[in-house]
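Using the sequences plus the hints, can you model the full thing?
Quick note on numbering: full-length UniProt numbering labels position 156 of the sequence shown as 156, and the sequence is numbered without any gaps.
Keep in mind that the hints are not guaranteed to be accurate.
[Claimed, not checked] Lysine to aspartate or glutamate pairs mimicking EDC-like chemistry, simulated, CA-CA at most 20 Å apart: (1) K220 - E186; (2) K178 - E214; (3) K178 - D270; (4) K198 - E214; (5) K115 - D90; (6) K334 - E241; (7) K61 - E83; (8) K178 - E206; (9) K129 - D99; (10) K129 - E186; (11) K238 - D270; (12) K43 - E31; (13) K175 - E206; (14) K309 - D298; (15) K187 - E213; (16) K240 - D270; (17) K187 - D160; (18) K36 - E11; (19) K136 - D153; (20) K224 - E234; (21) K35 - E11; (22) K104 - E128; (23) K162 - E186; (24) K288 - D262; (25) K198 - D188; (26) K129 - D188; (27) K310 - E83.
[To be verified] Quick list of simulated restraints, FRET-style, between CB atoms: (28) K240 - I93: 43 to 51 Å; (29) P315 - K220: 33 to 41 Å; (30) R10 - K133: 48 to 56 Å; (31) I265 - K133: 45 to 53 Å; (32) N13 - E114: 37 to 45 Å; (33) E39 - K133: 46 to 54 Å; (34) E319 - L23: 31 to 39 Å; (35) A202 - K133: 30 to 38 Å.
To be clear, the hints were calculated from the coordinates, so they are not data collected in a lab.
C-beta: ideal position from N, C-alpha, C; glycine also.
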Amino acid sequence: MATSIKDVAREANVSIATVSRVLNNVDVVNEDTKKKVLEAIEKLDYRPNIVARSLKTQKTKTIGIIIPDISNQIYPEVVRGAEDVANIYDYNIILCNTDLDPQKEMEYLRVLGEKMVDGVIYISNSLEKDVVKTIKNSNMPLVLIETNGKESDFPSVIIDNKQAAIDAVNYLIQKGNKRIAYIGTEKDAVNASAIRYKGYRAALEENKFEHNEELTYFCKYSLKADDGYNAMNEILQKTKEIDAVFCANDEIAMGAINALRDNNISVPKDVDVMGFNDTYGAAIFYPKLTTISQPLYDMGSVATRMLIKKINKEPLDKELFILPYELIERDSCK
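So this is what it looks like as structure tokens:
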């Protein structure tokens, strides 16, 4: 039979109310009494009833994290940062993988509401109108990672994706490249990858380079290596006059490099390839990827601290945190 709060009170020779005050860290309990209660809790291996406590406090000490695709290399590091901070504040995590499906995103938001989570960290591949409406209707504290989109109502943690893309393309241009292809997300999507496309176009315009539709390929949602492989092949069917490729993430870049190899095009001897995110695979793939590094762990940890402040109704220092990025030079550009 599970140990109850009554058993702890009996063991410590105090009232149930005193045990409750110790559990809730109420300062009115003196140190000697608190020590006795904590020793009794440890001796009896007592675990508070989370459901009962949540009914009383209206808090479950639980945070939901919604991610688009658990197999994508960027998200485990983001989740780790979030989980480490959550543990510091005694919060548990419920992880929800949406498989890039907006309907699943909305369903998970409803489920997390039913589970009475205290708040949600939301990492979306595309913040669509129906999803935004569901978020607002849920009334749950929420912080976005990667996307701040066209909605200013939600606090967010991002990097400056447009400027990072401009820097990446300028780097390729400084290498002497003139015909630079792009592989990434649909330009009208509300997500970080679409903003990178805007940076790509801005860099071309700044350098007086004409945009060539033959050198642009928009993937649908997944942005995996297969997408990069297929996209590169489609571009090569239109033209082989390519100097470089800017990819919206590292996995696309890896797929693109494999396609170039299969077409007897050497990287970086014939074509430079730039990735984005600096995932674990970027440093061990051959050739090692030149890429834009995002502070993935920090994005998760900063977002969680923001969310816990919102849960506790504390003011945020900022509604939008823009973290620094870095261009990492490796072997996929000459």
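Legend entry - Broken hints, by number: When the structure is compared with the hints, none of them turns out to be violated.
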